[in-house]
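Single-letter residue listing:
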Amino acid sequence: MPNLEILLFAIAAGLSIIFLVLFILEQYKNSQLKKTIEDLTSLEKPEKGLEALSVAIKRSQEIISEAETESIKIVSDNRHQTQNLTKDYIEELQNASLDIKNQLAQELRLSVDEFKNYLNELKSLTNESQERLQNQLKGQVNTLLANFEQNLTDFTQKTEKQTTSSVELELKSARSLVESYKQQQLSLVDENIIALLEKTLSLVLAKKLSLKDQLDLVYEALEKAIADKFIV
Amino acid sequence: MNPDLQTITDLFLKDSFTRTEALRRLRLFRQFLTDKIFASKPKSELISQEDGPWLESLASDALRLINKDNLNQYLDALEQTIVDIKPLVIFLPFELPLGELHALGSKIRSMLGPKFLIDIKLDPSLIAGCALVWGGVYKDFSIKAKIEGQRSEILDIFKTLSKR
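Quick mapping for you: the protein sequence lines, in order, are chains A and B.
Heads up: the first sequence begins at 1 in the numbering used here, then just goes up one per residue.
Heads up: the second sequence begins at 1001 in the numbering used here, then just goes up one per residue.
Okay, chain B solo, but in the shape it has when bound (with noise of 0.2 Å):
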């Protein structure tokens, strides 16, 4: 890989975890560089806060790699290379809030590399922990999991309590 791709890349996806927040991200990167080249002034109307500071750090910092010339070509390969990446899917019990979003996605990096996606799904059936999809495999890692697992035991409790 191009190193400047590389780096671009690896300054994208730093505070990018979800591959559906890692492409809305880079459609809002593409207008932002888009506008900062060709236009005079950018469109801030349609940023929101949030993603405001993200992209101005990253613009200052891709803008000496980027110019007129590449800005298609690169962001067209930094596109390819997001929908190439495997995500992980998370399936949890509940609404997860954006910095824990986050929280995640670095603990996440942590354990399995810094080129890592994942993909949030919510499934209150779970009741607690997660179930996880990987390369199209499912596995269940959930209370509900362990309940069934445990289903014979826990329905021989049931019994002899009944039977008390």
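The following block holds chain A by itself, in its conformation from the complex (with noise of 0.2 Å):
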């Protein structure tokens, strides 16, 4: 691309130069016409007017045939110049083209290729920080699996330990209910014992026992209170 702007530079400079070269000679053609008809006013004489006048425009139609021939020459290298700088232009548009075609294709092969890299490079991180996650979900499921172990550990033991307190407090309690019924029935079977008992000696003794013998018994009982200070 800097071929090309140095290109344009050119053209733009030749044409400069052109167009100034048109100007100085216009202002030298204005300049020798200016002269001519001082010098044809300044003349005090007809004849010699006319013989400087025909002089003058002899001299000017030379001046002008020159300027003529001049512009045509330079029209002639100016459009020689212009091909010249058209072709100039062409083959470095073409050297420019090629280059930037050459350029660009190496900017893509580099780009390629750094995009290659950056590839590798990201799938390389890709796979390290994957690793790494890996390792990390790894750990943190280990962790995690430890902790569920102690913890079902923990629940584990301590269900154990409350369906064994619960179950001891059910036997228990189902021995104290047994005991408890056990005592009671033997209590009802001592009752029944103690009441057989004084039904018996109360139908025996009442058979038995004479009057006396029982008013020897209340008698007895009265002393035993009397002794007792129960009666004072």
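In case anyone wonders, no lab produced these hints; they're calculated from the structure.
Fair warning: this is a prediction, and the values are worked out from it, not measured in the lab.
There's no promise every hint is true.
Which chain B residues face chain A? A few, computed with CB under 7 Å, are given here [claimed, not checked]: (1) I1127; (2) L1132; (3) W1134; (4) G1136; (5) Y1138; (6) F1141; (7) L1155.
A few chain A residues that don't get close to chain B, going by computed Cβ distances all over 10 Å [said to hold, decoys possible]: (8) S16; (9) I18; (10) N30; (11) A56; (12) E68; (13) R109; (14) E170; (15) A206; (16) Q214; (17) V218; (18) I226.
Below are the BS3-like pairs computed for lysine-lysine, each with C-alpha atoms no more than 25 Å apart in a straight line [to be verified]: (19) A:K208 x B:K1146; (20) A:K29 x A:K73; (21) B:K1163 x A:K212; (22) A:K199 x B:K1115; (23) B:K1139 x B:K1159; (24) A:K199 x B:K1068; (25) A:K224 x B:K1163; (26) B:K1121 x A:K208; (27) B:K1086 x A:K224; (28) A:K207 x B:K1068; (29) A:K224 x B:K1121; (30) A:K199 x B:K1159; (31) A:K172 x A:K207; (32) A:K229 x B:K1121; (33) B:K1036 x B:K1086; (34) A:K207 x B:K1086; (35) A:K34 x A:K58; (36) B:K1115 x A:K224; (37) A:K229 x B:K1115; (38) B:K1107 x A:K212; (39) B:K1014 x A:K212; (40) B:K1163 x A:K229.
Note that the Cβ used here is the ideal one computed from N, Cα and C, for glycine as well.
Take each chain as given, in its own frame, and dock them per the hints.
Printed below as a string of structure tokens:
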């Protein structure tokens, strides 16, 4: 691309020079014509004036023809230069295009290579990150499993203890109930034995004890009550 | 206490051993004396054979001290004295004949003093012996209480026998 800019700059510079040359020539002709008119106006005699005029006309025709020649030459040169410049421009343009193409191709290759490198780096980073994440995940899963195992163990032990305690309590309660029932039954049996004994004694003593015996027992009870100071 | 009232009380309680009997006899005594003092002829049909001799004996002594002026005063005081005496309640497992009741009363008075009343109640579950209530406190001296007191020994004997 820098070559293209230089080429454009050269074309512009050439055109500027051409216009400058044309401008100088025009100024020169104007000054010659002005000088001729002044010479003519300064003549005092008409003959001399006519002669001068004819000389001037001749001179002007020569100048014009020279100017035309010069201009044709200049135009021709200009055209030639333009053609050369165009040719150069085309060549430069082609060269520039080729350079650009080559440059673009090279840059594309570089970009592709960079992109490939980037992708490779990205891949390696991804792999590394993935590996790190896998390791972290593995660690976390291991920790989680360890915690879960510990919690499960604790829960199992706690449940086992609670179950054992509950079963022991149930057993204790059942044993207590059985013992209570046993005691109740034994107490009932004892009560029945005593009631039976009392009933038997009541029946037997009512027949066997005389009134005197009964009263003797009453007197004995009274003496005992007095001895115990129950009756004061 | 008035000596005359004391004499009358002693005479009255001499053969009355239970509170129930004493109050019943007081009612008869009051009627008997009222009839004796104010009526021309006592209403002997209301008096039983058992109470008749006792009333006649008591009245002959009491009439020396009681007249129409102090009759109610003395008898009211006598009733109050009977009510004030704290009776010994005796629970017996058998019915006591009247004669034996008097014997028992005499025996108790010989033990505890002349101004003493008893109250007999029946409780066949006592088997033998008696239970006493004195001052609102119950104490069992019967065979039943002895069985209860030796309950464990008795049960042990029964268990030993049953094992054989």
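Evaluation of the provided hints:
1. Checking B:I1127 against chain A: minimum C-beta separation of about 5 Å stays under 7 Å; hint holds.
2. Evaluation of the B:L1132 hint against chain A yields a held restraint, the C-beta minimum of about 6 Å falling below 7 Å.
3. Against a cut-off of 7 Å between C-beta atoms, the interface hint on B:W1134 holds, since the closest Cβ of chain A lies about 5 Å away.
4. The interface hint given for B:G1136 is violated, since its Cβ lies 12 Å from the closest Cβ of chain A, which is over the 7 Å cut-off.
5. With 7 Å as the threshold, the beta carbon of B:Y1138 stays out of range of chain A, its nearest partner Cβ sitting at about 10 Å, so the hint is violated.
6. For B:F1141, the suggested interface contact is upheld, since its CB lies about 3 Å from the closest CB of chain A, less than 7 Å.
7. Nearest Cβ of chain A to the Cβ of B:L1155: about 5 Å, under the 7 Å cut. The hint holds.
8. Non-interface status of A:S16 relative to chain B is upheld: no Cβ of that chain comes within 10 Å, the nearest being about 149 Å off.
9. Even its closest Cβ contact with chain B, about 154 Å, leaves A:I18 beyond 10 Å, as expected for a residue assigned away from the interface.
10. Remark: the non-interface label on A:N30 is consistent with the geometry, its nearest Cβ contact in chain B lying 167 Å away (cut-off 10 Å).
11. The Cβ of A:A56 sits about 181 Å from the closest Cβ of chain B, beyond the 10 Å cut-off, so the non-interface label holds.
12. The claim that A:E68 lies off the interface holds: its Cβ sits roughly 170 Å from the closest Cβ of chain B, which is beyond the 10 Å cut-off.
13. Every CB of chain B lies more than 10 Å from the CB of A:R109, the least distance being 117 Å, so the non-interface label holds.
14. Listed as outside the interface, A:E170 is consistent with that label: its C-beta sits roughly 32 Å from the nearest C-beta of chain B, beyond the 10 Å cut-off.
15. Not every Cβ of chain B is farther than 10 Å from the Cβ of A:A206; the closest lies at roughly 8 Å, contradicting the non-interface assignment.
16. For A:Q214, the shortest C-beta to C-beta distance to chain B comes to about 6 Å, within the 10 Å cut-off, and the non-interface label is violated.
17. For A:V218, the condition that its CB be more than 10 Å from all CB atoms of chain B is violated, with the nearest at approximately 5 Å.
18. With 10 Å as the threshold on Cβ separation, the claim that A:I226 sits away from chain B is violated: the shortest Cβ distance comes to roughly 6 Å.
19. A threshold of 25 Å between alpha carbons decides the hint, and for A:K208 with B:K1146 the separation of about 18 Å falls inside it, so the pair holds.
20. The hinted pair formed by A:K29 and A:K73 meets the criterion: a straight-line CA distance of about 16 Å does not exceed 25 Å.
21. Between B:K1163 and A:K212, the direct Cα distance comes to roughly 39 Å. Violation of the 25 Å bound is thereby established for this hinted pair.
22. At roughly 38 Å between alpha-carbon atoms, A:K199 and B:K1115 are farther apart than 25 Å, so this suggested pair is violated.
23. At most 25 Å may separate the alpha-carbon atoms for a hinted pair to count; B:K1139 and B:K1159 exceed this at roughly 30 Å.
24. Distance check on the hinted pair: A:K199 and B:K1068 sit about 58 Å apart at the alpha-carbon level, beyond 25 Å; violated.
25. Annotation: proposed proximity of A:K224 to B:K1163 is violated, straight-line Cα distance about 37 Å (limit 25 Å).
26. About 22 Å separates the Cα atoms of B:K1121 and A:K208, which keeps this hinted pair within 25 Å; it holds.
27. For the suggested pair B:K1086 and A:K224, the alpha carbons sit about 20 Å apart, so the restraint of at most 25 Å is met.
28. With a C-alpha separation of about 54 Å, the suggested pair A:K207 and B:K1068 falls outside the 25 Å cut-off, and the hint is violated.
29. Note on A:K224 and B:K1121: the hinted pairing holds, with a Cα-Cα distance of about 20 Å set against a maximum of 25 Å.
30. For a cut-off of 25 Å, the pair hint linking A:K199 to B:K1159 stands: about 19 Å separates their Cα positions.
31. For the given pair, A:K172 sits about 51 Å from A:K207 by alpha-carbon distance, which is inconsistent with the 25 Å threshold.
32. Restraint check: the Cα-Cα separation between A:K229 and B:K1121 comes to about 22 Å, which is no more than 25 Å; the hinted pair holds.
33. Using a Cα cut-off of 25 Å, the hinted pair B:K1036 and B:K1086 is violated, with the two alpha carbons roughly 31 Å apart.
34. With a C-alpha separation of about 34 Å, the suggested pairing of A:K207 with B:K1086 is violated against the 25 Å cut-off.
35. Under the criterion of a C-alpha separation no larger than 25 Å, the hint pairing A:K34 with A:K58 is consistent with the structure, at around 15 Å.
36. Between B:K1115 and A:K224 the alpha-carbon distance is near 21 Å, which keeps this suggested pair within the 25 Å criterion.
37. Distance restraint check for A:K229 and B:K1115: the Cα-Cα separation of roughly 18 Å lies within the 25 Å cut-off, and the hinted pair is therefore satisfied.
38. At most 25 Å may separate the alpha-carbon atoms for a hinted pair to count; B:K1107 and A:K212 meet this at roughly 14 Å.
39. Proximity of B:K1014 to A:K212 is assessed by CA-CA distance (about 24 Å); at most 25 Å being required, the pair is judged to hold.
40. Of the pairs offered as hints, the one joining B:K1163 and A:K229 is violated, with about 43 Å between alpha carbons and a cut-off of 25 Å exceeded.
Figure legend: structure checked against the earlier numbered hints; hints not met, in rising order: 4, 5, 15, 16, 17, 18, 21, 22, 23, 24, 25, 28, 31, 33, 34 and 40.
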